[in-house]
Amino acid sequence: MRRRGPLKSTQERTKVLFSVSDMGTPQKDVIIKSDAPDMLLLEKHADYIASYGSKKDDYEYCMSEYLRMSGIYWGLTVMDLMGQLHRMNREEILTFIKSCQHECGGISASIGHDPHLLYTLSAVQILTLYDSVNVIDVNKVVEYVQSLQKEDGSFAGDIWGEIDTRFSFCAVATLALLGKLDAINVEKAIEFVLSCMNFDGGFGCRPGSESHAGQIYCCTGFLAITSQLHQVNSDLLGWWLCERQLPSGGLNGRPEKVLFHKIYCVLIAL
32 MRRRGPLKST QERTKVLFSV SDMGTPQKDV IIKSDAPDML LLEKHADYIA SYGSKKDDYE
92 YCMSEYLRMS GIYWGLTVMD LMGQLHRMNR EEILTFIKSC QHECGGISAS IGHDPHLLYT
152 LSAVQILTLY DSVNVIDVNK VVEYVQSLQK EDGSFAGDIW GEIDTRFSFC AVATLALLGK
212 LDAINVEKAI EFVLSCMNFD GGFGCRPGSE SHAGQIYCCT GFLAITSQLH QVNSDLLGWW
272 LCERQLPSGG LNGRPEKVLF HKIYCVLIAL
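The sequence shown begins at 32 in the working numbering and counts up by one.
Because the hints were derived from the structure by calculation, they are not lab data. Every residue, glycine too, gets a C-beta built ideally from N, C-alpha and C. One thing to keep in mind: the hints can contain errors.
[To be verified] Mimicking DSS-like on lysine-lysine, the simulated pairs with C-alpha atoms at most 25 Å apart in a straight line are:
#1 K129 / K86
#2 K171 / K211
#3 K59 / K75
[As the list claims (entries may be wrong)] If you anchor each label on the Cβ, the simulated ranges turn out as follows:
#4 D89 / M113: 21 to 29 Å
#5 Y92 / D145: 46 to 54 Å
#6 R118 / N216: 14 to 22 Å
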């Protein structure tokens, strides 16, 4: 590789950063350009979200079908925070959700997909936002969530049986929003989540699994809903979360990892 002179621009430094990453030694932080915006461009955010999905044959739209329900929830939440919820097509969204509920009561990410606890929660969150829970069969949803709880208190995400603390959160959040939290064995569910707490104060997806910001968000949310947040070692967990911040100001999801898109998990947990 021919030797070059000093790198003069941020763009040049960024190119080198990515070239090093391509060679198998990924950088753990990013270089923020000097001309980067220092505030959120709210109007541009709102315009982008309002127009997303208007072209159903777009590549990006088709490739995100597998998480459509959660994507709608994220978009609606952002629009609501910006006071722009009225720009979204409420009736189209409600019709879509109704079409995604299966005979078992679970709700899928999109029409024709399998039901899953993740997307069942997203659907219930959307309906709660719109005050339209009556669009779905609530009793069937409750039965679906009940069917996914295991003897040790954990929850599978769907009929295929993957166990994860994310699904414990999804289960209690769904039932709490529907006013049906007593439909499951809450005590056993709490025992399982607490068994996933690690020596560093964080939580993993299962007992013995590595602490991760995403799981911490889910587990602390679970414990808050079940009135067990006092079980968390707040000082130890707070230290772990603070250690996730990198020099750029961004955060990673776990020790020695690159800047991560799940920054929201760390911030909400804090």
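Unsatisfied constraints (hint numbers, rising) = 3, 5 and 6
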